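Residue numbers (the numbering used here), protein chains in the order written: chain A, 1 to 77; chain G, 1 to 195.
Derived by calculation from the structure, the hints in this document are not laboratory data. Note that the structure is a prediction, hence the values are computed from the model and not measured. Glycine included, each C-beta is placed from N, C-alpha and C at the ideal position. Certain hints may be false.
Claimed, not checked - Which residues of chain G face chain A? A few of them, derived with a C-beta cut under 7 Å, are:
id : residue
1  : T35
2  : G36
3  : A37
4  : R46
5  : G54
6  : Y71
7  : I88
8  : R94
9  : I103
10 : N104
11 : A118
12 : Q121
Stated by the list, open to error - Derived list of chain A stretches under chain G, where covered just means 3 residues or more per stretch with a C-beta under 8 Å from a C-beta of chain G:
id : stretch
13 : 13 to 24
14 : 27 to 34
15 : 64 to 74
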Amino acid sequence: MAVTPRTDDWAMTIPAELQLAMEEGELSPEQVRQLITIEAQAIGLSFDDAVHLARARQLPRTALGADLELLVELLAA
Amino acid sequence: MAARRPELPGAVRGFRDRLNTLLHRTITPQPLIMTGATPAADGAQRMQFTFRQGGPVLAELQSRVGVLGLYVGQVCEARPSDQDGPPIRTVNYRYALHVGTDINSEPVMRWEFDRRPADPQAQWSRRHLQGPIPLSFGPTTVSLNDLHLPTGYVTLEDVIRFCVHDLGVPAIRSDWNDILIQSYREFKDQFVGGR
Numbered sequence: 001m002a003v004t005p006r007t008d009d010w011a012m013t014i015p016a017e018l019q020l021a022m023e024e025g026e027l028s029p030e031q032v033r034q035l036i037t038i039e040a041q042a043i044g045l046s047f048d049d050a051v052h053l054a055r056a057r058q059l060p061r062t063a064l065g066a067d068l069e070l071l072v073e074l075l076a077a
Numbered sequence: 001m002a003a004r005r006p007e008l009p010g011a012v013r014g015f016r017d018r019l020n021t022l023l024h025r026t027i028t029p030q031p032l033i034m035t036g037a038t039p040a041a042d043g044a045q046r047m048q049f050t051f052r053q054g055g056p057v058l059a060e061l062q063s064r065v066g067v068l069g070l071y072v073g074q075v076c077e078a079r080p081s082d083q084d085g086p087p088i089r090t091v092n093y094r095y096a097l098h099v100g101t102d103i104n105s106e107p108v109m110r111w112e113f114d115r116r117p118a119d120p121q122a123q124w125s126r127r128h129l130q131g132p133i134p135l136s137f138g139p140t141t142v143s144l145n146d147l148h149l150p151t152g153y154v155t156l157e158d159v160i161r162f163c164v165h166d167l168g169v170p171a172i173r174s175d176w177n178d179i180l181i182q183s184y185r186e187f188k189d190q191f192v193g194g195r
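Using the sequences plus the hints, can you model the full thing?
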């Protein structure tokens, strides 16, 4: 699985509804998966690949990789 | 109209507010944003805290070694009020210092904690320090990234102290040391049951 950081400002593409939910601090399970999908795509990964690599602690050693690892922890709850 | 989910426990919001008050009085006005998941069947609920503007961001810090980016990420678990023990406990933390504020850069050092690694057979130290730092063992050089250098439980107060005292990050308030001491006491008393 190739991990390729995107250089565009992908965070600007987060849907307004998801942004609002994050500001309120409450995400549904579907929204957590949506956020993981968006961040995974930012490094060229699918949702499933990102979850697999996060649990294997094999994501890039970057802030985005760390954030994905922690978001995946929310799925386990 | 969408059904309203149950309110997050007050203790969770209190925990987030405590961390943000601490940060805003010491090294950065950047707020930690809480992302909560729906409660599990047993009533436990997990939340993630990180600096976020849509995606994750680093808090920019001026230091005696140049501009640094601070990453703070925590996953905490709020437990039902009918369970014994502290109302909130940390499941994972990630603290990292980057040169500059590019979220795609590898940090200089990372403090990490995983209460329950996904691999149940994992035998490495749950609380450790890593980074792309070469360590010489006589003729052999090993990267700290290949080791799990054990640490104690590292608090946000510890990281802030390191930034101010050792890296020369200017403190927002002159009484930063007293603020850290008081905050640490509150953390021990209120959130980990004095343990």
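| Restraint satisfaction for G:I103 [CB to CB of chain A, less than 7 Å] | Where the cut-off is 7 Å and the nearest Cβ of chain A is about 4 Å from G:I103, the hint holds.
| request: Have a go at the G:A37 hint: is there a Cβ in chain A nearer than 7 Å to its own Cβ? | output: 4 Å, holds
| Would the hint on G:R94 stand, with a C-beta cut-off of 7 Å toward chain A? | Holds, about 5 Å.
| Whether chain G covers the stretch 64 to 74 of chain A (at least 3 residues having a Cβ closer than 8 Å to its Cβ atoms) | Since three or more residues must qualify, the claim that chain G covers the stretch 64 to 74 of chain A holds, with 8 doing so at under 8 Å.
| message | Just to be careful: measuring from the Cβ of G:Y71 to every Cβ in chain A, is the smallest value less than 7 Å? | response | Because about 5 Å separates G:Y71 from the closest Cβ in chain A, which is inside the 7 Å limit, the hint holds.
| query | At a threshold of 7 Å, is the proposed contact between G:G54 and chain A supported by beta-carbon distances? | reply | Holds. Min distance 4 Å.
| query | Does the CB of G:N104 sit less than 7 Å away from some CB of chain A? | reply | This interface hint holds because 4 Å falls under the 7 Å limit.
| Minimum Cβ distance from G:A118 to chain A below 7 Å? | 4 Å, holds
| Are three or more residues of the stretch 27 to 34 of chain A within 8 Å, CB to CB, of chain G? | holds (count 4)
| query | Hey, does the G:G36 contact hint survive, CB to chain A under 7 Å? | reply | Nearest chain A Cβ about 5 Å off; hint holds.
| said: Restraint: G:Q121 near chain A, CB-CB cut 7 Å. Satisfied or not? | reply: This hint is violated: G:Q121 lies away from chain A, its Cβ roughly 12 Å from the closest one there, beyond 7 Å.
| Evaluation of the interface hint that places G:T35 against chain A, nearest CB under 7 Å | 6 Å, holds
In terms of the numbered hints stated before, the structure departs from hints 7, 12, listed from lowest to highest.
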